[in-house]
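In the order they appear, the protein sequences are chains A and B. The first sequence lines up with residues -14 to 286 when you count with the working numbering. The second sequence lines up with residues 218 to 475 when you count with the working numbering.
No wet-lab data here; the hints were simulated from the structure. On a predicted model such as this, the values are computed, not experimentally measured, just so you know. The beta carbon of each residue, even a glycine, is placed where N, CA and C say it ideally should be. Keep in mind that the hints are not guaranteed to be accurate.
The calculated DMTMM-like cross-link candidates involving lysine to aspartate or glutamate, where the alpha carbons are at most 25 Å apart (straight line), are [said to hold, decoys possible]:
no.	chain 1	residue 1	chain 2	residue 2
1	B	K317	A	E152
2	B	K329	B	E341
3	A	K36	A	D63
4	A	K36	B	E354
5	B	K317	A	D122
6	A	K132	A	D122
7	B	K329	B	E372
8	B	K329	A	D179
9	B	K317	A	E187
10	B	K317	B	E354
11	B	K317	B	E372
12	B	K317	A	D179
13	B	K317	B	E359
If you only want the chain B side, here are some residues facing chain A, beta carbon under 7 Å, derived [as the list claims (entries may be wrong)]:
no.	residue
14	G325
15	G328
16	L385
Where chain B lies over chain A, by a calculated footprint (3+ residues, C-beta under 8 Å) [stated by the list, open to error]:
no.	region
17	156 to 167
18	195 to 207
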Amino acid sequence: MNLDIARTGGGTATVTGGPQKAPPASAPPPGPAPEAGGLVPALQRRLGRGKSIPFGRLLGPLLIIATWWAASAAGWLDPRKLSSPTSVLYSAQDLWTSGRLQDSVQTSLSRALLGLLIGVAAGVVLALASGLSRIGDAFVDGTLQVKRSIPNLALLPLLILWLGIGETMKVVVIALGVLVSVYINTHAALVSIDARYVELAEAQGLSRWQFLRKVVLPAALPGFFTGLRLAVTAAWLGLIVVEQINATSGIGYMMFQAQQYAQSGIILVGLVLYGTFGFASDALVRLVEGRVLSWRRTITA
Amino acid sequence: MASNHHRLSGAPVAEAVDSAAVRITDLTRSFGDRRVLDHIDLTIARGEFTALLGRSGSGKSTLLRAVAGLDHGTVGSGEILVPERVSLVFQDSRLLPWSKILDNVVLGLPGKDARGRGRAALDEVSLAKRESAWPHELSGGEQQRAALARSLVSEPELLLADEPFGSLDALTRIRMHRLLRRLYETHRPAVLLVTHDVDEAVILADRVLVLDDGDFVQDLRIDLPAERDPGDPGFQHYRTTLLGALGVLPAHRTKEQS
């Protein structure tokens, strides 16, 4: 939009081409408000958020790292409490050479991924069951709403009692958190489908299956993705919780051991890993969401 | 529950060949204590373009929804016979925002050549080039043209339209009138067009019904050439008659009478 729009007091508008720049020579000088009927230079007004900054979401984290680096280099930080970024990198290098880093990451990632997959699948199945049938709604929805109000941490003692402290318990805890996020959002989207589209499907004579495939599922997809993004966060949260409990492998265990030997560098390696995985997985879900919901992109842009 | 909706062909009640596209007998619909349709009878011939006029709350939309079979949950009695293939055009274009235009047009259309037929229908409404656009990329008029293509692609014997041009601007509406009339001449479905616009009814229809308080108060044949001119005295005559039936006389008439 490169238009200078000059409004006159009478309300008519003239449009002239050319980029917006200093007020034209004929306009009154800035300063006291012009008297009624006088002309003022037209302002291009914008109250929206404007264009997005490329990779803008990385700026905050990078600023924190830069500050940390500078503070360490200036000697303001006690290395026993908070190691410098350089020594964190060295710690990571040592862990890599010994193979512990790869092992821990692999263990943690497979726990999170398995829990995520099981949780998403269960959440979607339950949401479909309760969103598409009244009987399903009667049985499933109330139960899930109750589960929603009980934090996973409160279930932990029972789960340990039932499943022990092995991998099964860890994956189940992660999956439970994931399930609730996916269920709540997908179910909400399924039951709030615009009645106008239901009417259209009836008028077009769609079969139940066609109605599901062409109307219900696409309409519920945005809700599913909202749930999925929350679910990914829930998966990392669950992972961190279960890895603090009697773990013998994984990033959490690596950090726990480092705490015993006061190796703050390794603790920070763990934190950076958690943060990076969380950030990257959210970015990945956003990317997939943008591709799948491309029909929405042009609306929101 | 009103469960008196039948298809004309195939239904045991109907004769093998029926000259009617719609046959309504003793139809009643109520919302609570209010009787919206009061023992209505109506026959629309095959290929007849009928407009249904009425004030808001006159029951015209209720009648259309009953014919379309969309009034499940309302209380009523009577019999409605309709043909095998019925299409409905809504006031809003009601395109699925997550489906491209062509997919919207062929929604629910059976057959292997569905997409080919969809393309032909889009061509008829001059939207052939927009088949892979998203609905929101189209203007209001284009969206309603796509909706028209969707309703005509199944070659309906009866086309129902619920104020289809109500949300369009005046200029687009004039173009849409011409387009609808042209499509009607080509495909010759029976049409039941619900509108509150007297001019629209006289421009488009060959027969105009006025519904008031649950029953028909006017059933008028429009005997004008296909190309209609609102400035024509014949047009004015129909206009005045219909406005009278709707209880709104033109200003100069009211003065003369008082």
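Going down the list of hints, with the structure as the test:
The hinted pair formed by K317 (chain B) and E152 (chain A) fails the criterion: a straight-line CA distance of about 46 Å is larger than 25 Å. At most 25 Å may separate the alpha-carbon atoms for a hinted pair to count; K329 (chain B) and E341 (chain B) meet this at roughly 20 Å. Taken as a hint, the K36 (chain A) and D63 (chain A) pair is broken in the structure, with Cα atoms around 41 Å apart against an allowance of 25 Å. With a CA separation close to 21 Å, the supplied pair K36 (chain A) and E354 (chain B) stays within the 25 Å bound.
Restraint check for K317 (chain B) and D122 (chain A): not satisfied, since their Cα atoms lie roughly 32 Å apart, outside the 25 Å limit. Only pairs whose Cα atoms come within 25 Å are accepted, and K132 (chain A) paired with D122 (chain A) is accepted, the gap being roughly 15 Å. Between K329 (chain B) and E372 (chain B) the CA atoms are separated by roughly 16 Å; this keeps the pair inside 25 Å, and the hint holds. A distance of roughly 30 Å separates the Cα atoms of K329 (chain B) and D179 (chain A); the hinted pair therefore is violated under the 25 Å criterion.
Of the pairs offered as hints, the one joining K317 (chain B) and E187 (chain A) holds, with about 20 Å between alpha carbons and a cut-off of 25 Å not exceeded. Taken as a hint, the K317 (chain B) and E354 (chain B) pair is honoured in the structure, with Cα atoms around 10 Å apart against an allowance of 25 Å. Under the criterion of a C-alpha separation no larger than 25 Å, the hint pairing K317 (chain B) with E372 (chain B) is consistent with the structure, at around 21 Å. Of the supplied pair hints, the one linking K317 (chain B) and D179 (chain A) holds, its CA atoms being roughly 18 Å apart against a limit of 25 Å.
Straight-line distance between C-alpha atoms of K317 (chain B) and E359 (chain B) comes to about 13 Å, which keeps the hinted pair within the 25 Å bound. The beta carbon of G325 (chain B) comes within 4 Å of a beta carbon in chain A, closer than 7 Å, and the hint placing it at the interface holds. At a threshold of 7 Å, the smallest CB-CB gap from G328 (chain B) to chain A is about 13 Å, leaving the interface hint violated. With a least beta-carbon distance of about 18 Å to chain A, the hint placing L385 (chain B) at the interface is violated under the 7 Å criterion.
Only residues whose C-beta sits within less than 8 Å of a C-beta in chain B count toward coverage, and the region 156 to 167 of chain A has 0 of them, not enough to reach three; the restraint is violated. Residues of the region 195 to 207 of chain A lying with their CB closer than 8 Å to a CB of chain B number 6, which satisfies the three-residue condition for coverage.
Going through the hint list in order, the structure does not satisfy hints 1, 3, 5, 8, 15, 16 and 17.
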